[in-house]
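Q: What follows is the residue order along each chain.
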Amino acid sequence: MNDFAQAVQALRPQLLRFAHAQLRNEAWAEDAVSDAVLAALAKPQAFAGQSQLKTWLIGILKHKLIDQIRRHSREVSATTQEDDEDIDALLFDETGHWRDKPAEWGDPEAACGRREFFEVLELCVEKLPGVQGRVFMMREWLELDSAEICKELGITATNLWVLLHRARLRLQTCLQERWFGNPAQRAAA
Amino acid sequence: MKFLFRNCREVTALVLAGEDRPLGLVERLAVRVHLQICEACPKFTRQVALMRQALPRWRAYRDGGH
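Chains as they are written, first to last, in the numbering used here: chain P, 1 to 189; chain B, 1001 to 1066.
Next up, chain P with everything else stripped away, as it sits in the complex (with noise of 0.2 angstroms):
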């Protein structure tokens, strides 16, 4: 194997992971890798060394996983009733008002300064339940609009809105739990 083969094959288990978060299926995120991996090795020079190696891979899989949730769209769309938990009666009382009010999170930047707190929100969108994190995914990392993502899950607008409102409460009540109110944690990070 020369050395390009060698630091693509390298890769390959953050791409799985990268490919899993997506698609939240073993089998799929396997054949997307592998799509993306031959495709990377059938053109070397396609790569040049414009950008960083993981970088360029990633844009390569994220088509291949687009192609993955065309090809078996009937099937993630088909589970769309799993995660009924429902996130508002958390939140919210009977009459609408919050449970627990919302808390100041402060400053964006010093957040986002941080390289610890993308990790705790990368771990918060990986905790998602299955659909919400699929379609939240499509959304925030593979940039899909919502028609795109409605056509190619079949699902309505409405229902698309339902799971992307379910999984950005839930993003934020993690953030809460694991960075904002947790001043240790932040801390210790």
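Keep in mind that the hints are not guaranteed to be accurate.
If you anchor each label on the Cβ, the simulated ranges turn out as follows [stated by the list, open to error]:
id, chain 1, residue 1, chain 2, residue 2, range
1, B, Arg1046, P, Ala5, 40 to 50 angstroms
2, B, Leu1023, P, Asn159, 13 to 23 angstroms
3, B, Arg1046, P, Gln6, 45 to 55 angstroms
4, P, Lys101, B, Gly1018, 51 to 61 angstroms
5, B, Arg1046, P, Glu75, 32 to 42 angstroms
6, B, Pro1022, P, Ala5, 43 to 53 angstroms
Chain P is faced by these chain B residues, among others (derived, beta-carbon under 8 angstroms) [as the list claims (entries may be wrong)]:
id, residue
7, Arg1009
8, Lys1043
9, Leu1055
Mimicking DSSO-like on lysine-lysine, the simulated pairs with C-alpha atoms at most 30 angstroms apart in a straight line are [unchecked claim]:
id, chain 1, residue 1, chain 2, residue 2
10, P, Lys43, B, Lys1043
11, P, Lys101, B, Lys1043
12, P, Lys54, P, Lys127
These aren't lab readings, by the way, just hints derived from the structure by calculation.
C-beta atoms are modelled at their ideal positions from N, C-alpha and C, and glycine is treated no differently.
Guided by the hints, dock chain B onto chain P, whose structure is given.
A: Frame of chain P; chain B shown alone:
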């Protein structure tokens, strides 16, 4: 006028919906009215704004190698 007065759960839903679709005129007004009289929801709105700034940087962190 009643349509302009929403509770925190409803306003939170509108603020989050605003991340994914344009809000209508009545929706925007209802949010504005509520934010004037509520102490909690403006904080939530600032959390949403922080997330909006953080997510593109999370993407860069994720894709750029760590």
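Q: All the hints need checking, so say for each whether the structure fits it.
A: Hints, verified against the model:
| no. | hint | verdict |
| --- | --- | --- |
| 1 | B/Arg1046 / P/Ala5: 40 to 50 angstroms | holds (48 angstroms) |
| 2 | B/Leu1023 / P/Asn159: 13 to 23 angstroms | holds (19 angstroms) |
| 3 | B/Arg1046 / P/Gln6: 45 to 55 angstroms | holds (47 angstroms) |
| 4 | P/Lys101 / B/Gly1018: 51 to 61 angstroms | violated (21 angstroms) |
| 5 | B/Arg1046 / P/Glu75: 32 to 42 angstroms | holds (39 angstroms) |
| 6 | B/Pro1022 / P/Ala5: 43 to 53 angstroms | holds (48 angstroms) |
| 7 | Arg1009 | holds (4 angstroms) |
| 8 | Lys1043 | holds (4 angstroms) |
| 9 | Leu1055 | holds (5 angstroms) |
| 10 | P/Lys43 / B/Lys1043 | violated (50 angstroms) |
| 11 | P/Lys101 / B/Lys1043 | holds (9 angstroms) |
| 12 | P/Lys54 / P/Lys127 | holds (24 angstroms) |
Of the hints listed earlier, those the structure fails to meet are numbers 4, 10, in rising order.
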